[in-house]
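**Student:** Can you make the complete structure from the sequences, with help from the hints?
From first to last, the protein sequence lines are chains A and B.
Take 1 as the starting number for the first sequence in our numbering and just add one per residue.
Take 1 as the starting number for the second sequence in our numbering and just add one per residue.
These aren't lab readings, by the way, just hints derived from the structure by calculation.
C-beta: ideal position from N, C-alpha, C; glycine also.
One should not assume that every hint holds.
[Said to hold, decoys possible] Part of the chain B face toward chain A, derived, beta carbon under 8 Å:
#1 TYR69
#2 GLN380
#3 GLU384
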Amino acid sequence: MKQTVFLGTVAAASLVASIGLAQEGSTLAQVKERGELNCGVNTGLVGFAAPDANGNWTGFDVALCRAVAAAVLGDGNKVRFVPTTGQTRFTALASGEVDVLARNSTWTFSRDTDLALDFVGVNYYDGQGFMVRKDLGVTSAKELDGATVCIQTGTTTELNLADYFRANGMNYTPVNIDSNAEGEQQYMAGACDAYTTDVSGLAATRAAFADPENHVILPEIISKEPLGPAVRHGDNNWGDIVRWTLNALIAAEEYGVTSRNIEELVRSSNNPEVQRLLGVSDDLGAMMGLDAEWARRAIMTSGNYGEIFAANIGEQTPIGLARGLNAQWTQGGLLYAPPFR
Amino acid sequence: MTDVSAPGNPPFRLSMLIHDRRYRSLTFQVIVFILVMAGLWWLVDNTIKNLALLGKNFNFGFLFQRAGYDIPQTPIPYTSDDTHLRAAVVGLLNTLIVSVLGCIAATFLGIIVGVARLSKNWLFARLMTVFVEIFRNMPLLLWILIIYAIFTEILPTPAAYRGEDAAWSMIFFDHVALTNRYTALPTIAMTNDPGSLDLGARITVNWATISFVAALTLGVIARRMIRNWAQSVQDRTGERPRTWWMSLAVMTVPSLILIRYFGLHLVAPELTGFNFTGGLNVSNALVALWLALTLYTAAFIAEIVRAGILAVSKGQTEAAYALGLRPNRTMSLVILPQALRVIVPPLISQYLNLTKNSSLAIAVGYMDLRGTLGGTTLNQTGRELEAIVLMMLTYLALSLIISGAMNIFNARVKLKER
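**Tutor:** Structure, rendered in structure tokens:
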């Protein structure tokens with residue numbers, strides 16, 4: 001009897017021992033071998049990343065994932081979207097569950113250094129704001145003293161909120177929620193006076209309401225929230241691929257390359273920068289282990305940055321965000337892709 | 001068949017480690033010990049290597065950095081300028097608050113339901129059966145979410161109490177307001193505040209609180225002395241003196257004097273701006289969590305109590321009746337002392353379960369240890385391993401303390417002759 005127990009323990013111990021070490025090797029090689037890009041996205045934020053009625057993911061962040069998949073694997077549909085919450089996203093990336101994280105994540109110092117992430121760029125310049133019901137009669141965030149505020153736990157917004165109320169000598173009661181859907185429910189039931197998150201997120205949330213006209217986003221922007229795709233530390237080549245795919249989409253808009261005219265430009269453009277971008281003259285792709293046409297495929301998948309913006313979150317969509325800071329540098333915005341040479 | 005070899009110890013051979021009963025068990029124990037140690041070493045080594053691979057190290061320095069986030073319910077003073085360590089302590093205290101409240105309420109409700117299930121009233125007993133089966137057969141998380149959703153959706157926002165002809169009005173003589181965020185309760189204020197005792201680390205206890213605790217403790221001791229005196233009188237004369245008025249006096253008179261002395265009175269919460277202020281706002285997250293934990297655990301405790309009572313043979317009751325004891329004295333003097341022997345050990349497990357189940361608080365945003373240390377702190381610092389290890393050790397320590405305390409209690413109530 002005793003010995004059977006011992007033998008069982010031995011068997012269990014050897015089973016545990018047979019579980020292997022974490023995966024090693026370059027992310028590019030892993031993605032190519034798998035034939036699929038694992039992309040961490042929001043659990044559901046209309047306009048940025050949400051599955052439609054048929055289960056197809058669409059959105060601003062989703063388009064970036066598809067562009068990377070097109071550049072690397074040649075097909076923008078070879079993506080497995082992994083929904084992550086504010087709490088699970090960085091762990092999912094660090095553990096290798098996703099290859100790239102495109103989930104409205106703010107680029108901050110500690111995340112870039114201490115969390116061992118690499119933010120490869122900014123695809124949306126955002127800021128934190130507040131949404132309240134119109135009938136509260138509140139017109140400024142400075143009038144929110146004593147309010148109950150719904151906040152997604154595990155986000156930078158939690159810290160900004162604390163700092164903002166402290167700096168203005170105001171009190172508030174936080175209601176911690178886990179996901180945007182839960183926040184929406186609490187806010188709609190009146191369990192909180194104000195809902196705070198990035199303004200883009202507020203606009204997306206409001207667009208999903210039955211009565212968006214009864215809710216107002218307050219004018220104060222209390223923080224800088226540069227949102228961008230992130231990869232793990234330690235694989236610089238993979239970081240380059242994601243960074244330059246994003247830059248290619250931004251540069252394409254700057255040079256007027258769209259998904260519609262791209263074929264024609266490949267044949268006829270005599271702008272050397274466009275020729276290099278589209279792999280007509282130099283073979284830039286080879287420098288990071290891809291073929292010459294990587295950027296061409298990335299742009300063709302869902303269009304250049306401007307097309308993606310307009311299709312998912314622009315003024316013609318229910319979310320209705322203006323370009324603002326996210327216009328090209330030539331239009332007074334902050335988007336500025338380094339030269340392709 | 002004449003074995004002449006001497007019966008002494010044969011010379012030791014290596015094969016005896018397997019074939020000789022005297023050595024075999026020792027051999028296996030040594031092998032298993034080595035394997036377990038090797039397995040543990042492998043796990044630790046693997047963790048360290050993988051952490052190095054991710055460019056992370058293992059240290060608890062983050063506990064002393066500024067937390068930077070706010071917590072809705074703070075039993076000790078806390079601001080966003082405090083450290084992650086203090087945030088973790090606040091979380092631990094919140095865990096303890098809901099656990100202690102839950103254990104007390106679940107015990108009371110469990111005993112009532114358990115006894116009621118044995119009631120001779122058919123309808124009453126069946127209703128209790130339905131209660132038990134409903135609550136113990138559905139996941140606790142669902143109960144927490146359902147109760148929380150009921151509070152959020154059914155109760156009004158604080159704004160509903162505003163104005164002359166408000167849709168809702170406060171109850172208990174305008175002292176309590178139910179809202180979909182919290183229950184606003186009155187606070188106790190003093191006209192003659194004796195000041196506070198500073199325990200360090202910005203934790204203070206008001207002298208009035210200390211006085212009341214001291215008064216109640218002395219009251220309990222005095223009551224016990226009165227009971228002993230009554231017992232000795234009864235033993236000598238056979239006549240038990242009436243003591244209820246003495247007990248009542250020693251329990252209440254000192255407190256009444258203190259209330260008078262400190263000028264204690266209730267201050268009702270008032271609706272100012274967005275919310276009720278000036279009172280004590282008990283968040284719905286706490287109430288929902290507490291109710292769900294209570295109902296769920298009470299269903300299990302009810303079954304334990306019922307089993308404990310049924311374990312005492314009916315002959316005991318009949319013997320007590322034959323001696324002329326009334327039913328309630330039969331219960332308290334004969335049945336319960338014997339039933340407790342069966343009830344207490346599984347009751348300990350239920351208390352441990354309740355405490356650990358309280359970590360489901362995150363579902364309703366109640367900031368317990370899992371919400372602060374294992375939630376926001378973990379997220380903001382990215383120290384998953386450290387935070388989880390610390391949390392596991394804390395829950396382990398908490399559980400061991402509870403079970404240690406309950407074991408002492410068990411040693412006191414179990415039958416002495418065994």
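**Student:** Run every hint past the structure and note whether it holds.
**Tutor:** Going down the list of hints, with the structure as the test:
no.: 1; hint: TYR69; in the structure: holds, 5 Å
no.: 2; hint: GLN380; in the structure: holds, 7 Å
no.: 3; hint: GLU384; in the structure: holds, 6 Å
The structure fails none of the hints (numbered hints given earlier).
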